[in-house]
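A.B. asks: Based on the sequences and whatever the hints tell you, model everything.
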Amino acid sequence: MSYMKIDDVRKSFGRYEALRGVDIDIAKREFVVLLGPSGCGKSTLLRMIAGLESIDSGDLMIDGQRMNNVKSANRGISMVFQSYALYPHKTVRQNMEFGLKVAGLKKPERDAKIAEAARILQLTPLLDRLPRDLSGGQRQRVAIGRAIVREPKVFLFDEPLSNLDAALRMQMRVELARLHRELQATMVYVTHDQVEAMTLADKIVVMRDGLIEQTGNPLEIYRRPVNTFVAGFIGSPTMNLLDARVTSVSERIVRVDAAGLIVDAEIDGEPPIVGERVTLGIRPEHLEGQFGTGSGPSLDVIACERLGGVTHAFTRFSAGIDLTVQIDGELPISPGNTITCTAHPGRAHLFSAETGLRL
Amino acid sequence: MARAVADLLVLARVPFYTKGSTMTRPSANRTHRASLQGWLWVAPTLAFLVIFVYGPALANVRYSLFSFSAMSTSKTFVGLANYARLMADPIFLQGLVNNALYALISVFFQVGVALTLAAVLEARIFPRFAANTFRSALFLPSILPVVVVGLIWQLLLAPAMGLVDQALWELGLGDWSRAWLGDPATALFTIIMVSQWQWTGYIMALFMVAIRAIPRDLYEAMELEGASGPRIFWNLTVPGARETILIVTIITILGSLKVFDIVWVMTAGGPNHSSEVLGTLMYRAAFRDDVIGYSSAIATVIFFIALTIGVVQIKLQKDR
Numbered sequence: 001m002s003y004m005k006i007d008d009v010r011k012s013f014g015r016y017e018a019l020r021g022v023d024i025d026i027a028k029r030e031f032v033v034l035l036g037p038s039g040c041g042k043s044t045l046l047r048m049i050a051g052l053e054s055i056d057s058g059d060l061m062i063d064g065q066r067m068n069n070v071k072s073a074n075r076g077i078s079m080v081f082q083s084y085a086l087y088p089h090k091t092v093r094q095n096m097e098f099g100l101k102v103a104g105l106k107k108p109e110r111d112a113k114i115a116e117a118a119r120i121l122q123l124t125p126l127l128d129r130l131p132r133d134l135s136g137g138q139r140q141r142v143a144i145g146r147a148i149v150r151e152p153k154v155f156l157f158d159e160p161l162s163n164l165d166a167a168l169r170m171q172m173r174v175e176l177a178r179l180h181r182e183l184q185a186t187m188v189y190v191t192h193d194q195v196e197a198m199t200l201a202d203k204i205v206v207m208r209d210g211l212i213e214q215t216g217n218p219l220e221i222y223r224r225p226v227n228t229f230v231a232g233f234i235g236s237p238t239m240n241l242l243d244a245r246v247t248s249v250s251e252r253i254v255r256v257d258a259a260g261l262i263v264d265a266e267i268d269g270e271p272p273i274v275g276e277r278v279t280l281g282i283r284p285e286h287l288e289g290q291f292g293t294g295s296g297p298s299l300d301v302i303a304c305e306r307l308g309g310v311t312h313a314f315t316r317f318s319a320g321i322d323l324t325v326q327i328d329g330e331l332p333i334s335p336g337n338t339i340t341c342t343a344h345p346g347r348a349h350l351f352s353a354e355t356g357l358r359l
Numbered sequence: 001m002a003r004a005v006a007d008l009l010v011l012a013r014v015p016f017y018t019k020g021s022t023m024t025r026p027s028a029n030r031t032h033r034a035s036l037q038g039w040l041w042v043a044p045t046l047a048f049l050v051i052f053v054y055g056p057a058l059a060n061v062r063y064s065l066f067s068f069s070a071m072s073t074s075k076t077f078v079g080l081a082n083y084a085r086l087m088a089d090p091i092f093l094q095g096l097v098n099n100a101l102y103a104l105i106s107v108f109f110q111v112g113v114a115l116t117l118a119a120v121l122e123a124r125i126f127p128r129f130a131a132n133t134f135r136s137a138l139f140l141p142s143i144l145p146v147v148v149v150g151l152i153w154q155l156l157l158a159p160a161m162g163l164v165d166q167a168l169w170e171l172g173l174g175d176w177s178r179a180w181l182g183d184p185a186t187a188l189f190t191i192i193m194v195s196q197w198q199w200t201g202y203i204m205a206l207f208m209v210a211i212r213a214i215p216r217d218l219y220e221a222m223e224l225e226g227a228s229g230p231r232i233f234w235n236l237t238v239p240g241a242r243e244t245i246l247i248v249t250i251i252t253i254l255g256s257l258k259v260f261d262i263v264w265v266m267t268a269g270g271p272n273h274s275s276e277v278l279g280t281l282m283y284r285a286a287f288r289d290d291v292i293g294y295s296s297a298i299a300t301v302i303f304f305i306a307l308t309i310g311v312v313q314i315k316l317q318k319d320r
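Protein chains in written order, with my numbering: chain A, 1 to 359; chain B, 1 to 320.
By construction, these hints were calculated from the structure, which means they are not laboratory data.
One or more of the hints may lead you astray.
To be verified - Pairs of lysine to aspartate or glutamate residues, derived as EDC-like cross-links and limited to a Cα-Cα distance of at most 20 Å, are as follows: (1) A:90 <-> B:183; (2) A:153 <-> B:220; (3) A:203 <-> A:330; (4) A:203 <-> A:300; (5) A:101 <-> B:243; (6) A:90 <-> B:223; (7) B:318 <-> A:133; (8) A:90 <-> A:30.
C.D. replies: Given below as structure tokens:
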């Protein structure tokens, strides 16, 4: 039984269709991340859940109640904005108090809720400060605090970490995960950052052009992307997608040849026929690169990104095809070197060359 | 016109200097040269101000201590006699009260009403075309010259044949009909209302700019928390437009203090001085009665009231 249900929801702005029929089931206490590139409709969907945009067609149900025409304030949601949207002339306390005042709560009740939220978010010493005197991370916490005190059924987050620097973003990710555990709350979170999605989500909804491409838990999406778009969107560095030809098929194992790189891949569906063109997907971390002549094709290293533990080598085949390989950070590799590589068994993906769908 | 320029300057927030120069630790010589260069740049403006603004203002204070006519070759020093006469002049006191009323009512309309109108038009309550039409209609009077506005309203308000009276009769409100500008009880308020008709839309446009500068997210956040329109107005629009409110209030008060043209065109201060303001009083003293010293005393009083208000404004702005 889903706690929140989005059923064939659509939205157009003039002639532009922002959402073209979206279905999502969200269980109670689930952390759902809407993930996709800019313009995919994820923020529009969140704003429709919040009631900031009307729903053209379809249903939005929260806790068994149809919310399409319910005012934002009565939907039982709280939203954390990308800009935080803190009231600039109100102190931290007043920011958190405003919604409670509107709801008509008495002062002792308000104070208790604010004290509790401030404790959870370590905001107690900041309660009498104005937003402009706070750091980015502190403002973020106040925005979350303002959402918490209202005790919503569902929390909505609109790219809440995108204005923070990398270190703070990581810290807040951990914080959000802890908060989700502590509050046992249902959360819908919009981001274009796949790391946030992978680390925070119970369920990821990958969107593109107003449609859902895939829904599933993070590892499922990483391990079994349903098409080349999801395959390319999840994972960093992005998955290599190569034109390949089927050389042999035995039961579920298909052997393909991509310009000399021979890979065995397991498939779920109808096996392709020998000689058919397919798209081979293989992640940089599932390729083994080494110096010297190996069994695979030789690759010219064009650029290297040294991350310390590992190095991402951007290489080019003799045939002019680009391939990213993740190699051991200890290997003294540099642009101009030639390496060979082999694929880890069982980690390759095959997609139809025409439709891009997983085979 | 002067008012429009002043408003533009206020809106553009013309900086007088820039903090934090990009030069770090310039040599003494360079600093000196830069400073000299700076003075050279401002010299023409400074000279203009001294010759045409500060000089005459100071001269005016001096003139107020003399008794003389524009034609006389000598001036008689009378000390503060002009001021003593002023304080004893019931028409001057009437003018002072009228200016105060003018300011009070103008602030109510041009700050209170204009801000409310701006908030309503920006709240997307009306469809876009309707909001745009309202805005244009309300703004339009401000582009007309004051004298034209005065004359048009004189015609509209003319007893019996004016459109206003005819409309009142048609609406069955014939009892309300009166000589709006000829009745001492209504003359001043009629002028004030014409002035509001002309300027409220203009100030509203300034407020719309101020409201648009408030991030949309904040309005949405309040909406999500269930705040009503008036609550959002008091908790977000008013504090968000605080600076503009302050500036408009000051401009409106100063404008009311200096008002002359519309009053001169519509009633010239009459009937029986009921719509007299300091501006008309000063003008009449100088150019009809030819008591230049007395007129200068009135001008000096206006100057010092304006100065006080200006100082208060600067103080308030520094406090924030």
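A.B. asks: Are there hints from earlier that the structure breaks, and if so, what are their numbers?
C.D. replies: Structure breaks hints 1, 3, 4, 5, 8.
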